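In the order they appear, the protein sequences are chains A and B. Under my numbering, the first residue of the first sequence carries the number 300, and numbering increases by one thereafter. Under my numbering, the first residue of the second sequence carries the number 192, and numbering increases by one thereafter.
Take these hints with a grain of salt, some might be off.
From the structure, some residues in chain A lie toward chain B, with a derived Cβ separation under 10 Å [to be verified]:
no.	residue
1	M351
2	S371
3	G384
Hints listed in this document are in silico derivations from the structure and should not be mistaken for laboratory results. This one's a predicted model, so the numbers in the text were calculated from it and none came from an experiment. Yeah, the Cβ is synthetic: ideal placement off N, Cα and C, and Gly gets one too.
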Amino acid sequence: MSLSREETSRLADLARLSLNDEELARIAHDLTEIIDYMEKLAGIDRAHVRPMSHVLGTVNVYRDDRAEPSLSQEEALANAPDRQGQFFRVPRIIDAGEAGEA
Amino acid sequence: MSGSAETRLCHMTLHELHDMLVQGQVSSKEITSDVLARIDEVEASVGAYVTVDREAALKSADAADAMIGGARRDGDAGGIGALLGIPVVLKDNVCTCGMRTTCCSKMLEGFVPAYDAAVTARLREAGAVIMGKANMDEFAMGSTTQTSVFHVTRNPWDLERVPGGSSGGCAAAVAAGEAAASIGTDTGGSIRQPASFCGVVGLKPTYGRVSRYGVAAFASSLDTVGPITRDVRDCAVMLSAVAGRDERDSTSAPDAVPDYVEYVDRGVQGLKVGIPEEFFGPGMSEGVRAAVERALRALEGAGANIVEVSLPLVEHALAVYYLVATAEASSNMARLDGIRYGYRPEGRGGMDVADLMSASRGQGFGMEVKRRIMLGTFVLSSGNFDAFFGRALRSRRLLAEDVQRALAECDCLVSPTAPTVAFRFDEEPDDPLALYLQDIYTTLANLAGVPAMSVPCGFSDEMPVGLQIMGRMFDEATLIRVGRAVELTSGMGAARPKVGGCAK
Numbered sequence: 300m301s302l303s304r305e306e307t308s309r310l311a312d313l314a315r316l317s318l319n320d321e322e323l324a325r326i327a328h329d330l331t332e333i334i335d336y337m338e339k340l341a342g343i344d345r346a347h348v349r350p351m352s353h354v355l356g357t358v359n360v361y362r363d364d365r366a367e368p369s370l371s372q373e374e375a376l377a378n379a380p381d382r383q384g385q386f387f388r389v390p391r392i393i394d395a396g397e398a399g400e401a
Numbered sequence: 192m193s194g195s196a197e198t199r200l201c202h203m204t205l206h207e208l209h210d211m212l213v214q215g216q217v218s219s220k221e222i223t224s225d226v227l228a229r230i231d232e233v234e235a236s237v238g239a240y241v242t243v244d245r246e247a248a249l250k251s252a253d254a255a256d257a258m259i260g261g262a263r264r265d266g267d268a269g270g271i272g273a274l275l276g277i278p279v280v281l282k283d284n285v286c287t288c289g290m291r292t293t294c295c296s297k298m299l300e301g302f303v304p305a306y307d308a309a310v311t312a313r314l315r316e317a318g319a320v321i322m323g324k325a326n327m328d329e330f331a332m333g334s335t336t337q338t339s340v341f342h343v344t345r346n347p348w349d350l351e352r353v354p355g356g357s358s359g360g361c362a363a364a365v366a367a368g369e370a371a372a373s374i375g376t377d378t379g380g381s382i383r384q385p386a387s388f389c390g391v392v393g394l395k396p397t398y399g400r401v402s403r404y405g406v407a408a409f410a411s412s413l414d415t416v417g418p419i420t421r422d423v424r425d426c427a428v429m430l431s432a433v434a435g436r437d438e439r440d441s442t443s444a445p446d447a448v449p450d451y452v453e454y455v456d457r458g459v460q461g462l463k464v465g466i467p468e469e470f471f472g473p474g475m476s477e478g479v480r481a482a483v484e485r486a487l488r489a490l491e492g493a494g495a496n497i498v499e500v501s502l503p504l505v506e507h508a509l510a511v512y513y514l515v516a517t518a519e520a521s522s523n524m525a526r527l528d529g530i531r532y533g534y535r536p537e538g539r540g541g542m543d544v545a546d547l548m549s550a551s552r553g554q555g556f557g558m559e560v561k562r563r564i565m566l567g568t569f570v571l572s573s574g575n576f577d578a579f580f581g582r583a584l585r586s587r588r589l590l591a592e593d594v595q596r597a598l599a600e601c602d603c604l605v606s607p608t609a610p611t612v613a614f615r616f617d618e619e620p621d622d623p624l625a626l627y628l629q630d631i632y633t634t635l636a637n638l639a640g641v642p643a644m645s646v647p648c649g650f651s652d653e654m655p656v657g658l659q660i661m662g663r664m665f666d667e668a669t670l671i672r673v674g675r676a677v678e679l680t681s682g683m684g685a686a687r688p689k690v691g692g693c694a695k
């Protein structure tokens with residue numbers, strides 16, 4: 300199968316990756332080749348097989364629900380690329396029409 | 192220069208260094224200083240490190256010397272732990288509190304963790320001296336260490352060749368005398384292949400054997416953390432130190448941790464060593480084949496029985512691996528959005544939050560990471576999910592059952608670790624798929640969850656060749672026995688590269 304430029308661009312949107320034209324073209328080409336190779340898998344008879352998502356038999360591993368020390372607010376904010384006071388700072392999320400000036 | 196006339200301290204195994212520390216023949220400060228001197232000599236050509244913390248290393252060495260001095264005064268040599276005062280390096284995806292941890296990505300270039308990974312904490316508690324952080328492929332995606340945002344790492348055996356990857360910095364550092372031992376990560380071969388290329392021992396433990404708390408996730412059902420060392424005994428020491436249940440990693444296993452060092456000298460008399468016929472077809476270089484066959488004859492000479500086994504579906508392993516790994520990677524990488532931490536671009540007037548995330552990720556990730564996120568997104572998108580991801584998960588079970596069946600007929604499976612010795616930088620294929628074929632022997636262990644070791648077994652083209660030994664779940668002990676037998680008969684345990692004027 301061949302991955303079109305449009306399909307590649309849609310995947311990039313889903314993945315929240317801004318890619319330039321050159322990257323889109325290269326990835327469309329590489330993915331087409333890789334996906335062709337992956338289609339080799341079509342040869343295994345496996346309709347009856349249960350999917351294996353995890354190699355250990357463990358299910359629902361819980362620990363006791365007890366409070367433990369966690370990061371301080373300063374530590375949690377220390378790596379933030381932008382902050383305002385005690386908050387992570389991002390562009391306005393709610394439309395100006397709804398929320399007025401941010 | 193410190194160290195004996197024959198071997199400098201920086202080239203000794205960690206167990207040799209430990210014995211000298213216990214006997215008071217050397218201090219951790221002398222060892223650490225020699226390793227720092229070695230870093231100064233060869234780092235410009237090898238490039239194994241992305242962060243070296245001299246001050247912290249020397250401080251830890253002083254603290255270790257104080258503890259060793261106290262234990263010796265009290266006549267308590269047994270109180271001197273196997274890693275006390277030993278210089279180690281950690282791959283740069285293992286969190287170190289207060290020390291930059293970048294995954295060698297522009298996305299995390301300035302990231303300083305506020306906590307230690309579980310393995311880091313265990314090494315600190317054992318008194319190891321943490322020298323710094325090793326270069327790697329960006330987010331562990333690659334097999335040459337060339338996708339690192341920082342610089343290339345060169346193979347200490349031949350600076351014109353790649354060290355392998357993604358734990359290439361770890362393997363090169365241990366081979367070149369820039370750390371006594373190392374901790375790397377292995378999702379599809381990232382400990383074993385660089386160990387093979389650099390002539391050192393690398394162990395991918397059983398899935399769940401070593402806690403992954405604080406280690407940046409790549410593909411959560413495949414990721415493992417394990418040692419890279421100069422010999423098999425060192426590997427056993429390191430594994431014993433870091434293995435075991437950790438409440439903070441729900442996938443870490445409760446199974447008891449044996450003292451792996453006890454198995455080093457048990458020999459291989461009567462062990463059944465399985466040769467999967469599918470792994471010995473075309474595809475491997477003649478030099479690799481010859482070295483592996485010599486190792487098999489040597490194992491037979493040491494008392495092992497060689498039996499032929501079959502892994503009928505193994506040709507599908509690589510495709511299954513890349514489907515599962517990229518699907519899981521695209522999910523794990525979603526947390527890297529440049530909001531709470533990570534790269535944020537300049538000049539973002541008029542961007543909304545979604546644009547900002549896309550720009551952070553578009554500019555913060557390198558090409559290989561983007562390619563894998565895109566493949567994973569494709570695999571998981573509606574319309575493709577069952578045809579690709581569902582099919583891969585079902586095939587994965589069949590592959591795991593193949594491995595279990597083969598391991599019911601023998602105690603371990605052996606093969607080459609990689610189809611070739613380390614290749615030259617100018618021989619690296621441009622085609623990503625051709626590079627993925629490097630992982631042809633290694634991905635199966637991650638898919639099945641079983642442990643696998645790469646141990647040097649000889650040379651081809653004056654470059655080291657690695658033998659891979661795959662074992663049953665939680666049976667690292669057998670890998671250590673077999674690996675030691677290979678090391679003894681090949682004499683590779685004492686081989687050192689000649690970078691910076693060090694004789695073999």
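How the hints compare with the structure:
1. Among the interface hints, the one on M351 (chain A) holds; its C-beta lies about 4 Å from the nearest C-beta in chain B, closer than the 10 Å criterion.
2. Because the closest C-beta pair between S371 (chain A) and chain B is about 8 Å apart, less than 10 Å, the hint holds.
3. For G384 (chain A), the suggested interface contact is broken, since its CB lies about 15 Å from the closest CB of chain B, more than 10 Å.
When held up to the earlier numbered hints, the structure conflicts with hint 3 and nothing else.
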